[in-house]
Amino acid sequence: MPTQIGIGFSEALNPEQAAQEAAFQSKTNLNADRIDLAIALCTVHYQPEQTIPILQKILNNSNLIGCSTAGIIMPYAIKNQGIAVITLSSDDMKIGIGSVNNINALNTREEGVALAIDCLNDFGKHGRQISLFLIDSLIENNSLFLKGLQEVWGDIFPIVGAGTCDDFHFQNTFQIFNDQTLHHSAIGIILGGHMQIGIGARHGWKPLGKPRTITKAEGNLIKEIEGKKASNLYYEYFGEEAKNMTMSKLGTLAILYPLGIYIEGNEEFLLRNAVNILDDGSIVCQGDVSAGSQVHLMIGNKASCKQAAYDAALEAQKNLLGKLPNIIIVIESMARLKLLGRTAFEEVSAIREVFGPNIPVIGLYSNGEICPMKTAEETFKRPLIQNGTIVVLALG
Amino acid sequence: MLNIPTYILFFAGFVFFIFLGIIAFLFIGKNDELNQSRETVEKMKKSFQALDDQAKLIVQTDLELNKAQEALDKRFAGLDALQKTSRLISTSLEENEIFRRLDQSLMAELGFEKNLILVYDDNNQLNCRVHIGFSQEDTKYIAMNLQKEDDLVSAIKEGNTFSSINSPLSRREIIVRIFSVENFVLTPILTQHGCIGYVFVGNRSNAEPITEGDEELISILANQVGQSLDNAHLFSEVFRSRQELESKVKDRTKELEGALAEVKNISKTKSEFISAVSHELRTPLTSIKGYASILMTGKLGEVPEAVKDRLGKINIHSDNLVKLINDLLDISRIESGKVEMNFGRSNIGNIVENVHDLLTPQLRDKNIQWEAIIDPKTPETLLDSSQIERVFINLVGNATKFTPSGGKITVKVEFDNSVIKAEVTDTGIGMKEEDMAKLFSEFYRVDNQINQTVKGTGLGLALAKKIVEAHQGKMGVTSKVNVGTTFYFSLPIKQYFEKEK
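Protein sequences appear in the order of chains A and B.
Sequential numbering from 1 applies to the first sequence in our numbering.
Sequential numbering from 1001 applies to the second sequence in our numbering.
Be careful, since some hints might not be right.
Here are the simulated DSS-like cross-link-like pairs (lysine-lysine), alpha carbons at most 27 Å apart as the crow flies [claimed, not checked]:
1) A:K318 / A:K302
2) A:K210 / B:K1067
3) A:K318 / A:K306
4) A:K94 / A:K57
5) A:K79 / B:K1084
6) A:K206 / B:K1084
Hints are computed from structural coordinates only; laboratory data are not their basis.
Start from the sequences, fold in the hints, and give me the full structure.
Laid out in structure tokens, this is it:
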């Protein structure tokens, strides 16, 4: 049996009804005897405790993973409310899943190791092709978690990930693993067997103003820039208004203007969102930052975002070596949703322009994206944490 | 005299001075270059700084643009949602359906996290009709506590909208305490009968603050809800009135049907009675007329002149009585449907001509002018020519009777839209309105001088009308005293063609 995919969606207000409609539609569209994996993408309007039992029941208690998101990317529209269910059935593809719950901030790396091992145990001894993971974006330093995963899966093994988010409130995220609703957790999938994958990632943000040097940094903390408090950078650019802002408001602004770190030989800057600003003025980023790096404030617009989506799709298509994908999964920064507003669907149109109208496109908005990137010094692409990025994952 | 070492020393000193000179020369040159480089670096620094300052301006402008774009998007989406919601609720005329539709559309379309619609019931208690983002318990708590805030409720009932951006602090604190939402709009639902409830929307955190646009949007929505509820109530009242009216009409119709059935029954009994009596009368009358004729012949002996005269009168009166009985019989037969019209293809112009021929002596006697205007488009049609001739004879006879000498009778036949319309107009004495109303009743005779001297049965017009009705036509009259009278009747021809087919 070749790989079969079913997609279902509902935006009914009643959570049970929405879960039932989305799951049933997906199962019907799958048209297979067996469901090997189901992925549920939910906006925060639905309590997972109400939807999971329905999803599980209709999807025959098959492997179910999922998360909350700021919006769902559908082939025909961007939906700010609803539940989408992707079901997958394949004899060619091998799947392994795992989870770690209540990630301890002090042992983030170890939690990454644990997830990687959990997934591998479930996957068994097959040829691995790619791994995906969904991690709560409220966990501030995902770099250590990624390092933990790489310790087990290998440095250059392709990993694609998403920081699960909510509706820009930065407080209501959740993850789904089979019958459990998880918080502060991560879920992983390993895919392998006879399959073809294509990954492309771009952000399209451009540097603005003069470069500044990070003079003091520690892990994911930027303590000083040019010898001054790191937070001064935002106050300088955003003006007086920023000083009176609450963190959540500043966070919303900061995702529109991420920090860009110059990487020698790379086409694009490495983006870092400020997830928090500490009392001492340190900027907390979602990924590690090194002292001595050159940093810029970055800016993007609708045209650059659309172009980035197109370029990412082209790159993913190139990696497929001429094979047609079964599905395109898009992991896209919620910053882009904020920036593009009502025109957000234009990015999907750009992707469909590359792959054609018959390949289903589905995806989620995230706060933090993980995707392989190639730098000048390295021969292979290594998974890195990015922000403001669109990741196009083509599975064939 | 200088020795060799002195020379060497002198030479070395000379070389050293030259070297110093070169060094000094080079140093001066380098120093210039250094100064120039320093200036360039300084200039570059300034340019960078200028660029950075420009970048700051760009960011701040971009920030403003983003905010404006976001506000515009929100406004656009809100208006779009408002339009959809308005359309949804305005197409329903049922209160529960209006709230059901609001429930479906509000959250998804307007984009507020918390939505609440509270409406007063007949006991003046607030009931929750729509709640999104609030639990059932929350809504009970809110309804109960809101009613306790008399000042706030009075202010809202006066038509004031309160929001997190425009309310006085004291009012804002009360609303936040009751609804547990920092960013909100609370507005009344106003109908023709005043404030009937409230619409509340809100967002939990400052990430989604309320704007003046939201305030306007929700006020418009509340007005729409009020108007839709007004329409629903109005419709409900009209519907109820209509049902009552229909019920009354049904009752009256039933009563009338009963009365009509009774009238029909009476009419039938009357017709049967007339028919029976007429038959019973006709037999002895025939005998009387027969015996009178035998007596008049003198076969039974010489009849004196005086007796002959009386027998003649018996004969005339018997004929009148037979005619009266025949008319009565015809009427009763037509009414009871026992007489079938003998339809045949006829030319109504010919009928009029026959009637003219028949009545020419009377017309001539009274010196009455005759005019017949026959529409040449009038087609041949299916009708009982003898009965229609009878109608014309009756009408022209009457006209002759009531038209003074030197008057005029006009017979007009028109064809219009599948109907033949015939009129008999005279320049006679005319009649009053009240007489016209009773004219077609059996045995009714208009009380005038002519009728007092000229005998008649009062059955002629009744019979003529019955004949026309048997042809699916209608008969009527218009008249003006001392000006004249017009009798008119219609004969639809389509049905005859159908009958012919």
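Okay, the hints, checked on the actual structure:
| no. | hint | result |
| --- | --- | --- |
| 1 | A:K318 / A:K302 | 24 Å, holds |
| 2 | A:K210 / B:K1067 | 25 Å, holds |
| 3 | A:K318 / A:K306 | 18 Å, holds |
| 4 | A:K94 / A:K57 | 23 Å, holds |
| 5 | A:K79 / B:K1084 | 17 Å, holds |
| 6 | A:K206 / B:K1084 | 39 Å, violated |
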